[in-house]
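Quick note, the sequence shown lines up with residues 5 to 132 if you use our numbering.
Hints listed in this document are in silico derivations from the structure and should not be mistaken for laboratory results.
Some hints here could point you the wrong way.
If you anchor each label on the Cβ, the simulated ranges turn out as follows [unchecked claim]:
1) VAL54 to CYS124: 57 to 65 Å
2) PHE37 to TRP112: 35 to 43 Å
3) ALA70 to ARG97: 54 to 62 Å
4) GLY118 to VAL30: 41 to 49 Å
5) ASP45 to PRO91: 18 to 26 Å
6) ASP67 to LYS122: 51 to 59 Å
7) HIS24 to ASP67: 49 to 57 Å
Think about it this way: if two alpha-carbon atoms lie no more than 25 Å apart in a straight line, the pair counts; the simulated SDA-like pairs of lysine to any residue are [claimed, not checked]:
8) LYS69 to ALA58
9) LYS122 to ALA58
10) LYS122 to VAL95
11) LYS122 to SER100
12) LYS103 to LYS119
A virtual CB, placed ideally from N, CA and C, is assigned to each residue, including glycine.
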Amino acid sequence: MLHPIHCQRMIFGNVDIFCHGPLLDVIQKSRLFQDSKYFVDMALLYDPDVVLQAFDTVENKTDPKALDMFIKKYFSPPGSELKECQPVDWVPRPKSFLKIADEHFRLWAYFVHGKWKKLCREVRFRYI
5 MLHPIHCQRM IFGNVDIFCH GPLLDVIQKS RLFQDSKYFV DMALLYDPDV VLQAFDTVEN
65 KTDPKALDMF IKKYFSPPGS ELKECQPVDW VPRPKSFLKI ADEHFRLWAY FVHGKWKKLC
125 REVRFRYI
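Produce the entire structure from the sequences given, and follow the hints as far as they go.
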């Protein structure tokens with residue numbers, strides 16, 4: 005579990021869900037996931053306060069089925085909050101690469117630069 009000082013609310017608004025607190029404690033102790041990091045990599049589908057209020061209404065917090073239903077309703081799988089994108093300022097041949105004197109290195113730079121089209125991601129959901 006992360007120390008609260010590393011999860012300041014102004015930077016990471018979901019601190020009471022993913023960094024510490026009763027919800028994280030219950031989910032981690034339930035062992036619903038094989039990997040203990042899986043839950044903290046999930047994305048919120050609702051505002052953190054809504055999720056925490058809903059968690060307070062879960063009657064049997066030791067029931068795996070109840071927890072599973074709660075998680076499926078309020079969270080999405082890790083990575084689902086990201087979608088592929090193309091950087092808006094991306095150009096296939098940046099002019100600055102012409103300053104690379106060695107043609108071999110310039111071609112390599114173009115090759116590496118082309119990877120941005122596959123690497124770029126943007127956030128799909130409002131609550132992450």
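>> Check whether the Cα positions of LYS69 and ALA58 lie no farther apart than 25 Å.
In response: Distance ~15 Å between LYS69 and ALA58 Cα, so the pair holds.
> Are the Cα positions of LYS122 and VAL95 separated by 25 Å at most?
Replying inline: 14 Å, holds
> Does the Cβ distance between VAL54 and CYS124 fall inside 57 to 65 Å?
Replying inline: 30 Å, violated
> Would the pair LYS122 and ALA58 pass a check requiring their Cα atoms to be no farther apart than 25 Å?
Replying inline: Measuring from Cα to Cα gives roughly 37 Å; hence the hint is violated.
> Is it true that the C-beta distance of ASP67 to LYS122 lies inside 51 to 59 Å, as the hint says?
Replying inline: At 42 Å between Cβs, range violated.
>> The hint says 35 to 43 Å between PHE37 and TRP112; measuring C-beta to C-beta, is that right?
In response: 41 Å, holds
>> Against the range 54 to 62 Å, how does the distance between the Cβ atoms of ALA70 and ARG97 compare: consistent or not?
In response: 56 Å, holds
> Is the hinted pair LYS103 and LYS119 satisfied, with a Cα-Cα distance of at most 25 Å?
Replying inline: 20 Å, holds
> Within 49 to 57 Å or not, the Cβ separation of HIS24 and ASP67?
Replying inline: Violated - the Cβ-Cβ distance for HIS24 and ASP67, about 23 Å, lies outside 49 to 57 Å.
> Falls inside 18 to 26 Å, the C-beta gap from ASP45 to PRO91?
Replying inline: Check passed, 24 Å falls within 18 to 26 Å.
> Honestly, do GLY118 and VAL30 meet the 41 to 49 Å range at C-beta?
Replying inline: Holds: the Cβ-Cβ distance is about 45 Å, inside 41 to 49 Å.
> Does the structure keep LYS122 and SER100 at a Cα separation of 25 Å or less?
Replying inline: Holds, at roughly 21 Å.
In terms of the numbered hints stated before, the structure departs from hints 1, 6, 7 and 9, listed from lowest to highest.
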